[in-house]
Amino acid sequence: MLLSMEKINKIFPGNVVATNNVSLEVRQGEIHCLLGENGAGKTVLMNILYGMYQPDSGQIYYKGQPISIHSPKDSIENRIGMVHQHFMLVETLTVAENIILGQWKPWKNLKEMEKVHERIKNLGEEYGLFVNPNALIRELSVGEQQRVEILKALYRGTDLLILDEPTSVLTPQETVQLLNLLRGLADKGLTIIFITHKFEEVFQVSDRVTVLRDGQLVGTTDTAQTTFGELAKWMVGREVFMDLDRSKSNSKEVVLSVRGLQATDERGLLAVKDVSFDVHANEIVGIAGVSGNGQTELALGLAGLIEIKYDRLELCGQELKKITAKNLDRIGFGHIPEDRQGMGLILPFSVAENFILGEYNSEPYSHYGFLQNRQIINHAQLLVNKFSVRVSNVKEEITNLSGGNQQKVVVARELNRNPNFLLVNQPTRGIDIGATEFVYQQILKQRDAGSAVLLISTDLEEVFKLSDRVLVMFEGQIIGEVPPDREQIFKVGLMMAGKQVEEELA
Amino acid sequence: MEDIQWIVGLQGILVATIRLATPLIFSGIGLVIAEQAGVVNIGLEGIMLLGAFTGWTIGFYSGSLILGLAAVIIVGLISGLIFALFTVTIRANQIVVGVAFNMLGIGLSGFLYRTLFGREIGLLKLESFQSIEIPFLSNLPFIGKILFQQNILVYSSFVFCLLAIYVLYHTAAGLAIRSVGEHPRAADTMGINVFLVRYLCVLMSGVGAALGGAFLSIAYTNIFVENIVSGRGYITLAIVAFGRWKPVGTLIGALIFGLFYAIQLNLQSLRGIVIPYHVFQALPYFMTILALLSMRGRAIRPKALGKPYEPSA
Amino acid sequence: MQPQLSSGSSGKASHSKINKTSLSRDLRFVWERSKKFLTPLVAIALALGIGAVLMYLNGYSPLRAYSTLWWGAFGNLRNISEVLVKATPLMFTGLAMAVAFRASIWNMGAEGQFFVGAIATTWVGIHLGYLPPWILIPLEMAAGIMAGALAGMLAGYLKVRFNANEVVTTIMINYLIIIGTNYLVTGPMKEVTQDSFPQSALISANAFLPRIVPTTRLNIGFLIAIVLSIIMYLLIFKTSFGYALRATGINPEAARFARMDTKKIALLVMALSGGLAGLGGSIEIAGLAHRLFSNVSPGYGWDGIAVSLLVNNNPLGVMFSGILFGALRSGSEIMQINAGIPSVLNSAIQGIVILSVIAFGAYRFISNKKEGKE
Amino acid sequence: SSPATSAAGDQPTAGAAKPFKVGLLTTGPVNDKGYNQQGYEGLQRIKNELGAEISNVELEDNPSLYEKAIRDYASQGYDLIMAHGKQFQDAANTVAPDFPDTIISVTSSSVAKDNVIGVALDIPQSFYVLGVIAGSMADKVGMIGGQEIPSIQGSFTGFMNGARSVNPDVEFSVVYLGGFTDVAGAKEAALSMVASQGVEFLLPNANIASQGVYQACAEANVLCIGVFGNQTDFAPKNIVVNYASDFGVALNILAKQVKDGTVVRGKPIVLGLEAQGVAAYLYNENANVPVPESARKAVDEAKQKLINKEVDPSAPVTP
Ligand SMILES: Nc1ncnc2c1ncn2[C@@H]1O[C@H](COP(=O)(O)OP(=O)(O)OP(=O)(O)O)[C@@H](O)[C@H]1O
Ligand SMILES: Nc1ncnc2c1ncn2[C@@H]1O[C@H](COP(=O)(O)OP(=O)(O)OP(=O)(O)O)[C@@H](O)[C@H]1O
Ligand SMILES: [Mg+2]
Ligand SMILES: [Mg+2]
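Residue numbers (our numbering), protein chains in the order written: chain C, 2 to 507; chain P, 68 to 380; chain S, 1470 to 1843; chain V, -12 to 306.
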């Protein structure tokens, strides 16, 4: 037994119970999958192991010894490595510099970098992790950046490697490569903890699997002993693929029509190349794709938050020369943004104040420019009840709400304006199963009420559950459309990796 | 004959440029180090005043400029420590703390000077650092006088700059500093102690500022006068932004500012000149703004600059 | 008994944590309220305490000093009114800062904006002096506001257009304006009498602000400051513009998401902030100085920062902190007469006040990560 | 280090045996080896010679503070308030009527109105004399001023007239620092004058910042004049003459009159060279180049001419 975490408790400000008496045992040399819905507590548990968070109580035994980890420094000394969900790379430094960061004596001269480059090249050859040691991080693709993250761990020398959702940013081929790599590492005696949302991966690569739900341990089992269905039940606590009852979409009325849309990311690179599609009233169009293929820019562009170019764009029958706050307001536009805390909410504001974000300037909340407190409070009360947001007092700061309830506030706010066009991006990221189901129902309701919905998600299940049509996005282009029946999921998976995969397979 | 005069004049301007730039180099390089680690210190004016006061006072009582300097460095460290305590540990807004430091510096230096030296005594002087002629080099035709006949603090300001360049860009410590200013969390995950790094860097800015101030009272001149720093602390902020948060750029910025100041003094003293001298006085500040605009703001400023680091719960 | 993972007491800590969070839900509002008022008071007490130690160490009698300070500030009607006279410009620059800081715009230019306000008002007061007061006074104030607003917007424009750091630009603009003022009073606007001081001519008597108490220098400028404090409070906390202003200050991303024109807001805020400081300069001239000097402000712009921060950038609070700093300035002169204590000390005390306010964590608003978003 | 105040009570009403109370207001530190220190030394004289109870206030140089400061003194029953600087004129005139028994003197002002009495030295006169020395020792002369205020402008005008009177083709250059605290700036100004203009002789008039100039002269080894007091030890080899104008004398005269109630209201006190001891010129015999006999003669002649009003020291000149 290489590692055992016992009765780990972590409660965040605002009574967010991240992990509740969770225990985890990992054997020497195994690949151990950590499975669980968003917000189940996987990242937190691992961050505790890595010393990023301090648990409120609990103990860790490592290599038979009880150890205490107060900071990543301690875990590094214990030869524990972690590849974080959100990469921990300094963009302005080179690959090699990132790799030796914090490892050298302060006064060591950087001339000795040459040796480092050598070792990185060797490691690269040994494990098939090729990156140019001299490249600046900001010049690398997401996949390459992840290789750097893994190299960081290997370079330091690691016995226990943690990877938090490494595949959520990879194309299927890259995923295959990675899984093979991990197998190789395990065979060399490395122990690996592997967090994922994807069952296939669990069965492809892991020896054992542990499932968390709502911050609690559901169970641990040998992968060989379990089945797809059982894991699924463990994960969500009941039969999966809740079949949302839904009528066929039958609208011909085009609400959004885009032709030749182009957008660049903050680095100025072309992220969305010539995208064209229509969204009809009473229809949900899903955009599937591995994150980082231009979805973010597409969404920001349509929301008028970044400059975009296009040949032609029609919203509700009006051709728009430029997307501006004004004409979005006029048309009736709702937006559930990807980054809830960064964009959708103002954390120090009260829940009530957050409910009028975007309408702060219009009747009845503002009368001759003066905020109408009573209306604002009543409005908030109304939505809190209607969307069952768990909050004691709408005057409370919204920071104190759990991620799920924060998301509910955003959804409630955006849907309540009952928009003609609803833009939804990663609606269930980081929120628990209950909230997720609720959000799904709300989005469907909106669609049945006649709205046109554009749903962007990296979660294929989600896309297929909700969409009437599925568009697949790859490297800034829409490379195909499929009907949302399960048989298609595999095909889509391939498309998400780009056409060339099909050719390879063909 | 005329052109000889002309060359001498130019030489004079350049010599002046170096002297005028020195205090700015000290405070500027210190600030660069702090800002590379993500901490803005606009309290320089105050710290410079404390440095000027301490250096002069200790020098006066002990009769030893070296002791004076030692005291200056200590005061710089203490100021930096307090600044870091507020900005790094307490995580108060850095601008705010800086403003407080300026008020504190002006008030404290003035108050203590008055109470120590009263009014009757009037003003005192002490032997200041004399200029040291570097053998051979100082005899070089034109630049000899400019570069190699200055006092010890002038030389050390350049050394300070070189050290900063070396540490920031040629050592592992430099990597740590820059990563802390760019992406503290990433640095944290690599086992770097973000707080420690920031503390040390802020201490450096304290020392730099204190030395810059002391240069005015014990090297450039030999007396302390209330408010002797006369705004150089604020200029430093501009110069560092102008220098794009890099030591070399800051060095150049300081020299350019010194040059313009020297030029304006010369233009003023020209006989029969019609332009009001205020125009010349305004020159340096005006140029700073232009320089800032020329960078179009897309200056490569550390991403985490001014943001307190919250270690995960 | 194995060693605990985190420090031994962490187990207990977690329990108390849970209790605290549930308990604080009930007590939070009460606490927040009392804290708001208590913190500055404690901070001031601490600052004066440190000041006392400084005096004592330097051979002065703190008791004597503070009693004279008190008498000098509130000893009689005239002294009280003098405190309010001194508080007036501080309240204007304080308000200017409050508005800007609430939007996380670091306007360090109140000093310069104060100056241009004074210049504009002097010009109007001299050249349009023939106008009757009921036209001239509003006019000269409008001029002051305009001038300050323009100076503010210049920095604002450089920020939104060239993304030039406003801390630097406003400081540089201060220098330019102050040098410019020097030029004006030694050149174009210089009084045309023999051996006159570098100063403008007197503005017309029609331009003088009426005094509230005839025997004192207290003029309606103070009342204007009070009224503006209230207006600014309403603007920031009770209007939709204020909502947008605060939102932009805390989280520009979200502000843009909410279809706010953050650039326009930044410009407006700088204009508003500059206008307030400019009005301060205007009232300094029309109410007190009556002519332009090369140093109309002894650093009111900088003090304004402290005035505003002491009360967590709350315009209503500015009324009180303005008076507090006014009392410090005003009383410290008497303190110098009767206790011989150099007046520079109160600058130090002001600095200590700010630091101790921070130390008492008065404004999470300014000091926590939310602000870090900018 | 004890604060320079006597036992003036905290309360405005003074004690039974009414002491003679004199207060001094300055717009800068009284240890500036310049204008303000002049006033302060005068105050000390008054304390020593007339046993007056004295106190002084240093104000920020900000006009809106002056009126209150004067009132503060007046309302505490001071008999004589010495407002040291022309910039106090407005404030003094405003306050005076409310305190008819208090005499308010305004230094460097040549006007008087009832209990507001100007006390002035003829600045151009005394600097004319210094000009004579400069003119007879150098062909390129530099002046460094703090700000363009009358007392300083006047001094430069007188200085240039004096120099021209003995050396028609002497060349001048002038630099204003724009302030009185930047010692380093002053030093740099002096050095650059020497380096680029070839100036051989310097006259500072920037209160405390003048110190920078003396230092520059010592380093660049050019001659200069020490103004407002004996500055010799700041540049022992280079200061050829010290000019000690003593406002103290003038203020003392006034204070005496006030004390024995012989003061003449509404009449300014303007002292020229004829008055004894207001303007002293101390030659520095140890200077590298002591002032030559010829020049000293010229000085005496000039003094006579000035006293007899044969020359106008304030006549406009071009540098
Ligand atoms: N820094 C934090 N402060 C407050 N609550 C947090 C914090 N980090 C995580 N949480 C909460 O802890 C719970 C577990 O979060 P965690 O990140 O472990 O979920 P997860 O399993 O990693 O989800 P995902 O699959 O999206 O990665 C969530 O409800 C989240 O809201
Ligand atoms: N400081 C915080 N306060 C409250 N909730 C937080 C905080 N930090 C994170 N959270 C919540 O915890 C959730 C999980 O945290 P984490 O950092 O693991 O993001 P995540 O959900 O894993 O991100 P992703 O869905 O992109 O994988 C986040 O979705 C966020 O809502
Ligand atoms: Mg996730
Ligand atoms: Mg996670």
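Hints were generated in silico from the structure; no laboratory data involved.
C-beta atoms are modelled at their ideal positions from N, C-alpha and C, and glycine is treated no differently.
The reader is advised that the hints may include incorrect statements.
[Said to hold, decoys possible] To give an idea of the interface, some chain V residues facing chain P are shown, with a C-beta separation under 10 Å as derived from the structure: (1) P137; (2) S152; (3) N154; (4) P155; (5) D156; (6) V162; (7) A171; (8) V181; (9) I195; (10) Q202; (11) F221; (12) V265; (13) A267; (14) Y270; (15) A274; (16) A282.
Holds or violated: is the Cβ of A171 (chain V) closer than 10 Å to a Cβ in chain P? Check passed: Cβ of A171 (chain V) comes within 5 Å of chain P, closer than 10 Å.
Given hint A274 (chain V) near chain P, where the shortest CB pair must fall under 10 Å: violated (18 Å)
Status of the F221 (chain V) interface restraint (C-beta, 10 Å, chain P): holds (6 Å)
A closest beta-carbon separation below 10 Å is what the hint needs, so does V162 (chain V) meet it against chain P? holds (5 Å)
Quick check on the hint: Q202 (chain V) CB to chain P CB, less than 10 Å? OK, holds: Q202 (chain V) within 10 Å of chain P, min 6 Å.
Does N154 (chain V) meet its interface restraint, that is, does its C-beta lie within less than 10 Å of any C-beta in chain P? Given a least distance of 15 Å, the restraint on N154 (chain V) is violated.
Take the shortest C-beta to C-beta distance between D156 (chain V) and chain P; is it under 10 Å? violated (12 Å)
Chain P contact restraint on A267 (chain V) - CB to CB distance below 10 Å: violated (18 Å)
If you take the shortest Cβ to Cβ gap from P137 (chain V) to chain P, is it below 10 Å? Violated. Min distance 17 Å.
Hint check, V265 (chain V) versus chain P [nearest Cβ-Cβ separation less than 10 Å]: violated (20 Å)
Given P155 (chain V) as an interface hint, is its Cβ closer than 10 Å to any Cβ of chain P? Because about 15 Å separates P155 (chain V) from the closest Cβ in chain P, which is outside the 10 Å limit, the hint is violated.
Given A282 (chain V) as an interface hint, is the shortest Cβ-Cβ distance to chain P below 10 Å? violated (24 Å)
Of the numbered hints stated above, those contradicted by the structure are hints 1, 2, 3, 4, 5, 12, 13, 14, 15 and 16, listed in ascending order.
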